[in-house]
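Protein chains in written order, with the UniProt record's numbering: chain L, 1 to 335; chain V, 1 to 437.
Don't take each hint at face value.
Stated by the list, open to error - In silico DMTMM-like links for lysine to aspartate or glutamate, alpha-carbon gap of 20 Å or less: (1) V:Lys190 / L:Glu105; (2) V:Lys190 / L:Glu187; (3) V:Lys190 / L:Asp90; (4) V:Lys331 / V:Glu119; (5) V:Lys190 / V:Glu73; (6) V:Lys331 / V:Glu165; (7) V:Lys331 / V:Glu73; (8) V:Lys190 / V:Glu165; (9) V:Lys331 / V:Asp122.
To be verified - Computed far set for chain L versus chain V, every beta-carbon distance over 10 Å: (10) Ile78; (11) Met157; (12) Met174; (13) Leu192; (14) Ile193; (15) Trp207; (16) Gly278; (17) Ala321.
Keep in mind that the hints were calculated from the coordinates and are not lab data.
By construction, the Cβ of each residue, glycine as well, lies at the ideal position given by its N, Cα and C atoms.
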Amino acid sequence: MTTLSAPAAAAPSVSASKPKPAPGPPSKRQRRRGEARRGARLGLLLIVPAAALELAIHIIPMMIGGWIAFHDLDQRHIRNWTQAPFVGLDNFIRGLDPGTATGAEFFATAGRTVLYVVIVLGFTWVLGMAAAVFLNSSFRGRGILRTLFLVPYAIPMYVGCIAWAFMFNQRDGMVNTLLSDLGLIDENPFWLIGDNAFFALVVVSIWSYWPFAFLMLLAAIQNVPQEAYEAAALDGASNWRQFWHITLPMVSSANGALVLLMALWLFNQFTVPFVLFGPASPDQAMLVSPLIFSNSFLQWDFGLGGAMSLLLLLGLLAVSAVYIRMVLPKGREDD
Amino acid sequence: MTMAARGKVLAALGAVALTAGTLAGCANAEADDEVTLTWWATQQAASVAESEQAWAESVAAFTEETGIEVEIEVIPWADLYNRILTAVSSGTGPDVLSIGSTWVASLTASGGFEPVEGEYLDAIGGEEHFIPATWDAAVVPDLGQVAVPYLSSAYSLYYNPALFEAEGIEGPPATWEEFVEVGQALTLDKDGDGQPDQWGISYPAAAVNVNAHLSFILGQQEGGSFVDSDGAATFTSPAQVAGSQRLLDLMTEDGLMSPSDAELGAMGEATDRFIDGEAAMLFSQNPVAQFEGRDFVDWEAAPMPVIEGGENVQSHIAGIDLVVSADSQHKAESFQLVAHLTSAAEQSFVAEMFDVLPVVEAAYEEEPLASSNDLTIDVRRQTIADAAVGFPAVENIGEIEAGVGNAVREAFQTFATGGEPDLAALLRTAQDQINSN
């Protein structure tokens, strides 16, 4: 199966130092230890439901997806899918041989997806950061702006994308109507097919995702002590220097988590192209997840879809592991 | 443990129990004596609720007669195939399923459905009960038969007589030559801005399945075919390519189809443009519900155009079949339901309700269909009787349909965005990909 998980709204926590308990008399400490052990047991109990569901919804299907990647599973074997013939690396060879139409398509799509992630992530981060810094200073109407900025995140992504699809409609969509009323175009261009489709996909994705970046960065920035800025201002630091030397380093852990999370979501992007273009994305805007969907559920070649899914999963795992080691702060030893 | 902590543990355990309960609830729990069948029905009316009501009305008499309850779930077409595959792979699907008739071969190959033979064949009245063309379309060579024809339909040419009259055109075109002539005469720039605002035809050029259907029909007219007798894809033969090309030419060469149609991904969108008077003609299987839903009356139906002196094929045999799950605990009762749904009385009721064709000849003599003077039923009935062929009954028909339909879609979109489509090359790439699997 594919790894098309919808982005879950899991907010990375901004680490705040916990006050350490002051050492008390021995008898109390022993009692504390007992409590701590019970606390740990309670903690374990509490994560059981989440762990069980995670296993059932994510881990086991992923493992089955991995199994499918090595089998010739199509509609003929779907009833007794455990009996699908083992084909070794055939699916990978078919999907990865650039000499075949399928392989060439996969590599072109993977490259396009990387480009998509870089562009969308770059724009959402810059927009989110700019808005967060801007709204961190107090001025009249700040509350209204904050609410307004969060609107795209409050609207279900599906609904937002449908509205965009209407606006990008070639014949009587709002985008073309506006452009031609302004005298910028003579003939209505297509936005949802052909070369412009990638542009439309990027625009809608930025619109959908930037409020999340804004929200996370704003939360982090609000944790930066005001004194640091005051001290810097006294030393004559410009706004830019304050941003560069105070804000950025102070929000780096939230920032690191944000970039990782968004990159993973965007690499797995499915909702936006699916709603914008329908089940079959135009070639110029095909991303990896819609390609896997197309192989699995439009061509019913589950083996090939599984192989591509597995490659995507392994690739993302490897990148995430390196990234986490390099960028994210290490957990504290005493936790 | 403190009270608060105990409360938390209880809450956590409660959550686990709830989850487990929900999961267990998914399994089929059934009382021993009372049989309840589940039926996944298709969406025929504009809304799921409307469809459900009509199907429920159709099975009410069955429940009354037999005491067997039927739980109906209406599934929109876009989700149906994947839902069926999920049901087949999990073995926990419904007892009876409605399927699209072009999926018969793929789904027969899945082995998830009960063969229609022996007592089950007798229960539904045997082969003789059905109109031969529809029965034959449900049989898959070498794999036997799991599907029972339920309702059928065919492509027809729908046209707007008011727009025809305004240009002094009498009657619908019968051949492609006439079609192009009429279509061009009806492509008009009414507001004088240099761009046509009324087109000869509106067509969902991005709809993969419609592209495949029309390619098949037009290819058959040329003497082409999608597959050879071994099931290998052959849609790059000159005759078959000529069929697909004729469809593409309506936009690229003849200029009677708007390039903006390259964006339309569903028949309903093309139908809306026809209703809005932005096009004078429409190829469709069954737009009547949408016409009625929008109170549109300026339409008439005619058979699809043909090549003068070519093969007399105007449609594939489209429609819906019924299958019984091989995992059903109530197969005999399920076939009883199938027998009820394919009885002349129910066929007449449903056909009239949804503007589709019955698969049983006797249904035409039953009320309400007998006194319905629905022209489109007559036109399609004629097409099915004289000029329709079954969609290829090969296992990989799903892939072939997607391959052809996508190639044609790409060709339309390439043209619309200013390129020069090479349809033969696109079809060749699609075919190589299918035949290499």
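Structure-based check of each hint:
Between the alpha carbons of Lys190 (chain V) and Glu105 (chain L) the distance comes to roughly 44 Å, so the proposed pair goes past 20 Å and is violated. A distance of roughly 18 Å separates the Cα atoms of Lys190 (chain V) and Glu187 (chain L); the hinted pair therefore holds under the 20 Å criterion. As the CA atoms of Lys190 (chain V) and Asp90 (chain L) are separated by approximately 58 Å, the hinted pair breaks the 20 Å bound. Proximity of Lys331 (chain V) to Glu119 (chain V) is assessed by CA-CA distance (about 11 Å); at most 20 Å being required, the pair is judged to hold.
With a C-alpha separation of about 47 Å, the suggested pairing of Lys190 (chain V) with Glu73 (chain V) is violated against the 20 Å cut-off. The straight-line distance between the Cα atoms of Lys331 (chain V) and Glu165 (chain V) is roughly 55 Å, outside the 20 Å bound, and the hint therefore fails. For the hint linking Lys331 (chain V) to Glu73 (chain V), the alpha-carbon distance of about 18 Å falls within 20 Å, and the restraint holds. A hinted pair counts as satisfied when its Cα atoms are at most 20 Å apart, and Lys190 (chain V) with Glu165 (chain V) qualifies at roughly 16 Å.
Among the hinted pairs, Lys331 (chain V) with Asp122 (chain V) is consistent with the structure: their alpha-carbon atoms are about 14 Å apart, no more than 20 Å. With a closest Cβ-Cβ approach of about 5 Å to chain V, Ile78 (chain L) is found to fall inside the 10 Å limit, against its non-interface label. With a closest Cβ-Cβ approach of about 19 Å to chain V, Met157 (chain L) is found to remain outside the 10 Å limit, as its non-interface label requires. Remark: the non-interface label on Met174 (chain L) is consistent with the geometry, its nearest Cβ contact in chain V lying 15 Å away (cut-off 10 Å).
With a minimum CB-CB distance of about 6 Å to chain V, Leu192 (chain L) fails to clear the 10 Å threshold, and the non-interface call is violated. Not every C-beta of chain V lies more than 10 Å from that of Ile193 (chain L), the closest at about 4 Å, which undercuts listing it as non-interface. No Cβ of chain V comes within 10 Å of the Cβ of Trp207 (chain L); the nearest lies about 20 Å off, and the non-interface call holds. Non-interface status of Gly278 (chain L) relative to chain V is broken: a Cβ of that chain comes within 10 Å, the nearest being about 5 Å off.
Remark: the non-interface label on Ala321 (chain L) is consistent with the geometry, its nearest Cβ contact in chain V lying 31 Å away (cut-off 10 Å).
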